[in-house]
Amino acid sequence: MQETSISTANLEQCLKCNLCTLVCPMLAVNEQYPGPKKAGPDGERYRIKDPEYYDYALKYCLNCKRCEVACPSGVKIGDMIQTARIKYGSQSKVRSLHGLRDWTLASTDFVGGIAATPIAPVANGVLKTGVAKAVLHGTLGVDKHRTFPAYSSRQFETWFRKEAQAAQSGFEKTVSFFHGCYANYNYPQLGKDFVKVVNAAGYGVKLLEKEKCCGIALMSNGFAAKAARQGRINLESIRKAEGPVLTVSSSCTHMMREEYPEVLGLPNEDVKDRIMLLTRWLYPKLQSGEIKLNFRKDFRLKVAYHTACHMQRMGWQQFTIEILRMIPGLELTVLEPNCCGIAGTFGFKKENYGYSQAIGETLFAEIRDAKAQADPSVPFAVVTECETCKWQIEMSTGIQVINPVSILAQALEDR
Amino acid sequence: MIIENTNKEYDVIIIGGGITGAATARDCALRGLKTLLVERGDLCDGASGRNHGLLHSGARYAVTDPEGARECISENKILRRIASSCIDPTGGLFITLPEDSLEYQAKFIQACLDCGIEAEAISPEEALRLEPAVNPALIGAVKVPDASVDPFRLVDANILDAVRHGADLIKFREVTGLIKEDGCVKGVKLGDSEIRSKQVVIAAGIWSARLAEMGGAQISMMPSKGSLLIFGHRLTRMVINRCRKPGNADILVPGDVVSVLGTTSDKVPFEDCEDMKATGDEVSVLLQEGIHLVPALSTTRIIRAYAGVRPLVVADSSASGRNVSRGIVLLDHEKRDGVKGLITITGGKLTTCRLMAEMATDLVCEKLGLKIPCTTALKQLPGSHKRKGGKDPVHKRAAVGRHGSEADMMDFSGKGAGEIICECEQVTRAEIEYAVKNLGVRTISDLRRHTRVGMGTCQGSFCISRVAKVLAEVLGTPEKAQELVDGYLQERWKGMTPVLWGDTLREAEYMHKVHRK
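Order-wise, the sequence lines are chains B and C.
Taken in order, the first sequence gives residues 317 to 731; the numbers are from our numbering.
Taken in order, the second sequence gives residues 930 to 1446; the numbers are from our numbering.
All the pointers check out, no bait thrown in.
Here chain B is said to cover these stretches of chain C; the calculated rule only asks that three of the stretch's residues, wherever they fall, bring their Cβ under 8 Å from a Cβ of chain B:
1. 1154-1163
2. 1229-1239
3. 1314-1328
Result set (SDA-like, lysine to any residue): computed pairs, CA atoms no more than 25 Å apart in a straight line:
4. B:Lys403 with C:Arg1058
5. C:Lys1072 with B:Asp366
6. C:Lys1320 with B:Asn346
7. B:Lys365 with C:Gly1020
8. C:Lys1072 with C:Val992
Just a sample of chain B residues kept apart from chain C, beta carbon distances all over 10 Å, derived:
9. Val345
10. Leu416
11. Ala480
12. Ala516
13. Lys601
14. Ser722
Hints were generated in silico from the structure; no laboratory data involved.
C-beta: ideal position from N, C-alpha, C; glycine also.
All chains should be built: construct the whole structure from the sequences, respecting the hints.
Take a look at the structure:
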């Protein structure tokens, strides 16, 4: 009689089996957090009755989506919690110091636009000093252990337009590139590596007509309306873009594919399938022989692959892993898929630092172990698609973390 | 207090721990009568716990029964005052669909206004703005002061008030006979023991006929079965009604965290009343009709189906002068059947429980030669007192939502007291301890009625062993935990089997796998 069951975020599909509770990294270290089942489908029934039941401890959700990966019933637990935070949690205000901090951490375009300019060396230098860290820790509540990722004095987009754009018209086929904030403001080399790999594959690169930060940090910090405004601009640009829209960051990708429609209410069915990580696009073409890459013979590197949470939610880690295995001279270990604990801007806040490090410890130990067992004559690095995992792992283990696109670029023959 | 047995002689013994008996016990106790209430099982186990939980504005009856409608609106206003913790003032919407008529809607509005019920016509667009889930095909809508009432909490609140005003309560003992001397009822027999009183009031719903017969009086009753469906969460904020002559499945009530759709109406034999189950056919009728009201019902998980019996009294020419209402039936068996000391109060509605109690208690006082005014409309029920401001801790909020100011009597200070035992309904150990202490809980089903334990999505699949352990500990019989689980699960199956498909079927499989031996 009832053929299908439809409810927001699949609320009613929950059987209360608690598999999500078992995998939640936050619940394991923080007893104030109710856990995904209670915060998600259990709490949702009460919040529908009366928003007064909203529990502020939902702020501890890392939005890692491990609950959704574990759920055998397809309940979108993480989306439900994010949506509840937006709907019922008080929206962040810039007025308080912590509000100002959250806004600063979330506004990657604004801050990047100022810092990733010729003043970058000064800004980077200042932010690294103990005095600046103490001030940020004491006033804004940015944890003193953290170092802001260095800003580049020349943005990727500037480089691309001046140095690379002209050559792209020489390719018959084209892909579009959503570079993301990190490649643009902090580490343009990643963008350059992307262009190198795509060109080597025989495709030209085009930037989007207009690219904004995907908005993930805005969404997590309570600035959902602004995140949605940026999302609309991105989706419009993507609709106009040529070919697939390829990315290098797993979190931006997951945000645009999954959270735009589920959390921010921005429909994207028409373009969703075109938004993907470079490795997801590249692997089938390499496997079928449609694309051939020429790798260096003298490349030697030992890597440990870390599956970022959002990568795991998309289920795409295997594409990257298989591509890494194709690189001659690269030795690969795949780490257990444990959360690093940073969760974007979450771990930058001093009140969360302890939780972040406690959550990441299992992963850090495994990485240290992998390095200890590796041949010391071969360079060792961790590979992951997520830039915030990179900062966290580098800070916590002292071991370099590289995006797989950069690894590919380094392993390719220079033309 | 809650007792097992007594030698005390009472002014009045009330038989039946549903809403009518509970409200009557409260009224009697507030008037200073020595009062005992006897219930064969748990409180609220009959029709009082098997209905919509709808606080009628009277609108539903305005066209067909203006007298009943006036009683409803008057009592609706009183209960909002004295029982605020049991009531969610959701408001109600009567929608007119293309197959209904706007002429009826106009007649309906006029009839409501004539009975003193606020009824405001709103446009279909406004109705859809207020309630996006209602059938978008609607052509008219009327706002009325319907509300959602928690029948379990309303019974509990009346009982608590009665007990706190000196009434005694005996649970889990069945009245097996009435003490009769010289044609006069002098009390009740509970198996071997006898308890004496000056008056006996039967408030036992459909079972009133059998009890009256024990006293030598005849009541001609007709059991009318009503089945209902519980959907997993609230689909609407307001009570949704069809604006037409009352029919099947035309009311959807947002009750606590769920939505309740009902009802059907079918005559059943008396022997069926002991074990009421909704049938597959009834579920079909409810769904077929319900989706006209709110289309999303066709794709929303049904947690369970249940059924109750309306205690309808066949028209009685010898009804007393007070009993002019078609709904409420007050029988003075001395006048009517020559049986002194015996009164029956039945019929009526959940909404008019206080009025029924007042009518019954007035007659009791008259028989006792007392003139004591009724104060039940003026005094707040336990749970509905004003609370101190400020936000409650998260683990206490669900308890406050259910019990209002009574939640402040729960002891959240002990170790583990705030621990959530039933997760779907967020019931803590403190709430379980409170229910055992104040409401005489023995089984998990009793606990369910008084706390919502196991009423949620999983129907107890996940938490019930934990609940059983805590309950068995609090009862002082830790070895009986498994026994509690087994009894409870059988009862849950009853409500799940008529709706065993989709997510509820998956839940049942999960429950089976967790609890099989």
